[in-house]
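Peer 1: Chain by chain, the residues run as shown.
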Amino acid sequence: MNDTACLLKLYDEKYELEDYQGGVPRWCSGCGDNAILAAVQRLCRDEALHPEKTVFVSGIGCSSRFPHYMRTYGFHGIHGRALPVAEGVRMARPDLHVFVNTGDGDCCSIGAAHWIHAVRYNMNLSVFLHDNQIYGLTKKQASPTSPRGTKSNTSPRGSWLEALNPLTVTLGVQNVSFVAQVVDWMPDVLYEVVRAAFHHKGLSFVRIIQRCPEWLPDQWEPFIKDPKRVQRLESSGHDAGNLDRAREVASKMDPIPVGILYRNENVPCYEDLRRSPKLRTPELVRTGLEAEFDKFTVWPS
Amino acid sequence: MHADFQAQLAFHLTGQNLAEGPQPVAAFEMIPALLARYRNLAALRYDFPLVLSKDGAIHRLSTLVDEACSGVDEKTRKLALNHERGIRAGNAKAWNGPVPLAADGELADCDAKLPGRLVAHVWRALEEKRSRAMKDNIERLKSKLSDILAADDARSDEGRSAQTLRASFGGRDDLDFEALSGLLKRALPARPLPASRKRRIESLLKRLGALDFGPFVFDNCAEALAAYRARLPQLIALSKAIAAARLEAAGEYVEARHDEFFERCGASLLGAEGLADFPGTLVQLDGAELGMAHNAQLAEMLALGMPVKVLVQFDDILHRAPVGRPGFALRSHALAGMALGLQEVYVLQCCASSLYEMREDLRKGLEYPGAAVFSVFSGAGGESGKLPAYLVAAAAAESRVFPALRYDPSLQNSERFSLAGNPQADKDWALRELAYEDAKLQTVREEVAFTLADFAACDGRYAGWFARVPKERTNGGMVPVRESVAAPAGTLPEKVPYVLLADGLNRLHKAIVADELIGETRRCLEFWRSLQERVHKKEAPVTETPKAEAPAPAPAPAAEAEKPARNPDEPSIETPRCSTCEECVKINNRMFAYDANKQAYIADLNAGTYRELVEAAENCQVSIIHPGKPRNAQEPGLEELIARAEPFL
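If you read the protein sequences in the order shown, they are chains A and B.
Per my numbering, the very first residue in the first sequence carries number 32; after that it's consecutive.
Per my numbering, the very first residue in the second sequence carries number 7; after that it's consecutive.
Source of the hints: derived by calculation from the structure; they are not laboratory data.
Do not rely on the hints blindly, as some may be mistaken.
[Claimed, not checked] Derived pair list, reagent style DSSO-like, types lysine-lysine, alpha-carbon separation capped at 30 Å:
no. : chain 1 : residue 1 : chain 2 : residue 2
1   : B       : 119       : B       : 370
2   : B       : 204       : B       : 191
3   : B       : 135       : A       : 309
4   : A       : 309       : B       : 246
[Claimed, not checked] Covered stretches of chain A, as calculated for chain B (at least 3 residues, CB under 8 Å):
no. : segment
5   : 58-66
6   : 210-220
Beta carbons: idealized from backbone N, C-alpha and C, even for Gly.
Turn these sequences into a full structure, and let the hints steer you where they fit.
Peer 2: As structure tokens, then:
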């Protein structure tokens, strides 16, 4: 930032939490989405993000109602397609802060292809995976992250397959640059990780393990009651620059590792690789279009 | 022998030759022995000539030829090397060798024009890059502002009129543009830009266009200063326009605040960092003309903080001072001292022969956002006979007369000043091995220091300060100059200092040196030592690092202990652990409320019942609500509630 920017920064507005509060959340009482919403609103306030310069993009599901509850720009998209929409926003408007809220079904099932490639493209987005291990909005169907044996409307005798681990999958994709895991019942850690994800240049993928008090009320109870079953990576001396070690840690679920598993600031962002030094003035666009049209023009003889 | 010594001492002290004394040395008759083997530079592959390519890069011709010849057959390689030798000897003006070179550009030899050409070459390339960035930045802002106006036009009644819509569809007639116009007018309420904002944007668009990108090259400080002063209002106006346009484009311009701000602010918007984005100024000065008036203007210009790059070229550093103390004027020392004293000026001093080696320092200086001074000795002035300028410049660097130094204010304090460009920078003199054949044709090796006295021996004007001693008259009363200089000044010398010179046939001679030159050599050494002290002074704080303290004891759990213990009888919430799950506030939002971080606290105990407290504790997802004991003994069902509250106390 040069002197001029510093000088003008003095005039920046201060924001309160209320400035980011949109509609009244319709999530169930006790839902972990509320904790994520509070953490993100705190982040926006503390970083003084201009609401008109901030976009939340989501897909379908409980978590994807998130943009409705933020007083910023939002895009409540179609199932599984939050990431491509967010990438488009990012490409066209590099001046905006782009966040993605997606659920375990939205991201890891129908949107899995977009998820993998979004990690590879490493565009500057903050992606929050609200992982409650169940389809809640449609009243309890097993999701890809439901642990084996989860009884649901689609698996009344218990699900047959091992749960997909979003962390190991993300860490296995080329160009991965930021992967973290956090639990919704530890607000201080949640806020720290969300903040670190926001400051990361590149795609920051944060899996937020959250409770679903309606459909899986006892899923995380033992972990909440016994703090030893949650491992703080920051205090355990974990090296976030070591990808192999991150993959090893990511594969463990008891105790739950929370914190930043992997961070690499040197991975290039797709939008930076593709950014043209040429200024796209209307004249340039017109010239380019006319050159293309000329290829198909039949000139009068 | 005694008579010989007396005659030699007499010459040393007086500089006058006596009959029967040592033999006088004619101008250009001999050169320092260490330079004898470099008489024919064309036969050597050294840094010059350079190739100044159009992208601002500097290449050694030899390096380019070596790269081009990697992988070619021996015959082609020899042809290429022959062609290179031809260029070096001046037989060819451009590369026309058997292999193409990786870079193309002008050839630059080490001559009187080199410092000016080289500095201007790099400066121009950097200026072009900077101007391009600035122009792009301005164009980008203009484009954003134009977009705002275009969007406003498109939303206006005229923009949504049937006629405009038809035109934007290329004049098609198969659409009902009247209907489309009506639809758009109903769907999009007309919210035109406020008139003041529109006027401001139009004015900014006009103001953003006006900037003269130069180049601003001058050969004296007065003109450079006058031109800068004349340009300053334009720079301030443009920087204001850029700052305002940035705010406008981001939608952050608040009239109530920024109108007044921009009206009042002046040069404060132009910090050194901001100024560095604008076109800079290059001043090329002749060191011989640096008089008192010029020095004052130069000092003023450097102290102003304007992004000026000053090249001061010295062609002759051994001319005598016209007034004041006898001896060499050494104006370069004064210039370096003045520039270093300003603290915020980038300073680079080096000989032209080292310019290629120090090209990165040169580039850094030209990129430095503030003022920078480059003091360069070309070696092309003076009276050095047939010695090429490259050799004279290299000899000046070797003898510490014109030491290489770099001061970079952007670095940490201990790294700002550097003498790294000098040979054997930690010693008084650079020591070199001189190998020669004695009378019995045996190789003799001797370690020789190259001092100011040796450097002066290159210059025909000072031949009178040397007197050759025939071999048969040499005696034990002679010492090399470096030993003589090490002895305290002002005492009668017990031995006569000498330098080793070589004649045209490469025969080695010992020549004794006049005391006046020894005095100058001592003065040169003192200056060099002061520079060395400056390096060590900077390093001192680094070496005196405080001793590693014993590891701090682990923080005592005092804070924990000091925290007042929670009274289990009093209702409470561990607010920092609240995960905002909404349970408690939905039970009673007057008893429980959220703080600024959206975490729950007990707002009013009297606003609810003990039952609600207990229910909230039971529903809390993270069990941080502690209901305590009931406050109202009359509340119905207390026994049951107390039992339910038990796990949460």
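Peer 1: In terms of beta carbon proximity below 8 Å, does the segment 58-66 of chain A have 3 or more residues touching chain B?
Peer 2: With 7 residues closer than 8 Å to chain B, the segment 58-66 of chain A meets the three-residue bar; holds.
Peer 1: When you check the alpha-carbon spacing of residue 119 of chain B and residue 370 of chain B, does it fall within 30 Å?
Peer 2: Holds. Residue 119 of chain B to residue 370 of chain B sits at ~22 Å (cutoff 30 Å).
Peer 1: Closer than 8 Å, Cβ to Cβ, for at least three residues: run that test on the segment 210-220 of chain A against chain B and report holds or violated.
Peer 2: Check passed, 5 qualifying residues.
Peer 1: Compare the distance between the alpha carbons of residue 309 of chain A and residue 246 of chain B with 30 Å, and conclude whether the hinted pair is satisfied.
Peer 2: holds, 25 Å
Peer 1: Tell me if the straight-line CA distance from residue 135 of chain B to residue 309 of chain A falls inside 30 Å.
Peer 2: Given that 30 Å is the threshold and the Cα spacing comes to 14 Å, the pair holds.
Peer 1: Regarding the pair residue 204 of chain B and residue 191 of chain B, is the alpha-carbon distance no greater than 30 Å?
Peer 2: holds, 21 Å
The earlier numbered hints are all upheld by this structure, with none contradicted.
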